[in-house]
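As you go down the protein sequences, you meet chains A and B in turn.
This note's numbering numbers the first residue of the first sequence as 5 and each following residue consecutively.
This note's numbering numbers the first residue of the second sequence as 115 and each following residue consecutively.
Rather than coming from a laboratory, the hints here were simulated on the basis of the structure.
All C-beta atoms in this analysis are idealised placements derived from N, C-alpha and C, irrespective of residue type, glycine included.
Take these hints with a grain of salt, some might be off.
Stated by the list, open to error - Computed cross-link-like contacts, DSBU-like style, restricted to lysine-lysine with a CA-CA straight-line distance of at most 30 Å:
hint, chain 1, residue 1, chain 2, residue 2
1, B, K141, B, K185
2, B, K158, A, K72
3, B, K158, A, K75
4, B, K158, A, K46
5, A, K60, B, K185
As the list claims (entries may be wrong) - Listed next, the stretches of chain A that the computed footprint assigns to chain B, with coverage defined by at least 3 CB atoms under 8 Å from CB atoms of chain B:
hint, stretch
6, 36 to 49
7, 106 to 112
Claimed, not checked - Listing some non-contacts, in silico: residues in chain A with all C-beta distances to chain B over 12 Å:
hint, residue
8, K60
9, H76
10, Q85
11, T115
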Amino acid sequence: GESVGLHLPTLSVQEGDNSIINCAYSNSASDYFIWYKQESGKGPQFIIDIRSNMDKRQGQRVTVLLNKTVKHLSLQIAATQPGDSAVYFCADLPNSGYALNFGKGTSLLVTP
Amino acid sequence: NAGVMQNPRHLVRRRGQEARLRCSPMKGHSHVYWYRQLPEEGLKFMVYLQKENIIDESGMPKERFSAEFPKEGPSILRIQQVVRGDSAAYFCASSITPGQGRSTDTQYFGPGTRLTVL
């Protein structure tokens, strides 16, 4: 079935390095994508979003890249900090929809 | 501006009991969404409500589960005759408007209610 999935379940990076978290989607009708961060025991926190008419969007220390040709989404975190340790989810919305479709998540561990 | 509030944060029930989960959306938000998260999995959509209306309950089990968002007060997710398989984290989100792309469509999540069924 149609789904949003992540390439790697865990990612370990050193403090100060850049992190890249990848996501593949299969629903060609999706045209809106969001990244959420979830810390242990908390709800998902909105990080950044992107529409399908864009291929790149930047926020504070984060960049989302969208490759519609291969249906791939990535989240780049610059100068990763210990506070970035969390599970990161990509989610998509089908065209004209409102029910977020979440992937399983990537656990990011930042080591000193 | 307070965020989305959910209570209780933790709920323990024995099999066969009822669970009532409450969600107060952010101020100015009239669209509420409920999601369920099983351990080490992503969130799964359950139901979308506006004030006094269920718009989409396609993700909700047909039996034992119900949701409401009354004119006054919080949104309630109710699970009757709970079973062990209902153990999960239940998250509520709210938005100003439904849809995608506009800043007012962004869904903001509460801290969740962790339900444990013994």
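Now for the hints, and whether the structure bears them out:
Between K141(B) and K185(B) the CA atoms are separated by roughly 14 Å; this keeps the pair inside 30 Å, and the hint holds. Restraint check: the Cα-Cα separation between K158(B) and K72(A) comes to about 24 Å, which is no more than 30 Å; the hinted pair holds. Among the hinted pairs, K158(B) with K75(A) is consistent with the structure: their alpha-carbon atoms are about 21 Å apart, no more than 30 Å. With a CA separation close to 16 Å, the supplied pair K158(B) and K46(A) stays within the 30 Å bound.
A threshold of 30 Å between alpha carbons decides the hint, and for K60(A) with K185(B) the separation of about 41 Å lies outside it, so the pair is violated. For the stretch 36 to 49 of chain A, the stated coverage by chain B is satisfied: 8 residues place a CB nearer than 8 Å to a CB of that chain, which reaches the threshold of 3. A count of 4 residues in the stretch 106 to 112 of chain A with a Cβ less than 8 Å from any Cβ of chain B is obtained; the coverage claim is therefore met, three being the minimum. With a closest Cβ-Cβ approach of about 16 Å to chain B, K60(A) is found to remain outside the 12 Å limit, as its non-interface label requires.
Every CB of chain B is more than 12 Å from the CB of H76(A) (nearest about 17 Å), matching its label as outside the interface. For Q85(A), the condition that its CB be more than 12 Å from all CB atoms of chain B holds, with the nearest at approximately 22 Å. Listed as outside the interface, T115(A) is consistent with that label: its C-beta sits roughly 21 Å from the nearest C-beta of chain B, beyond the 12 Å cut-off.
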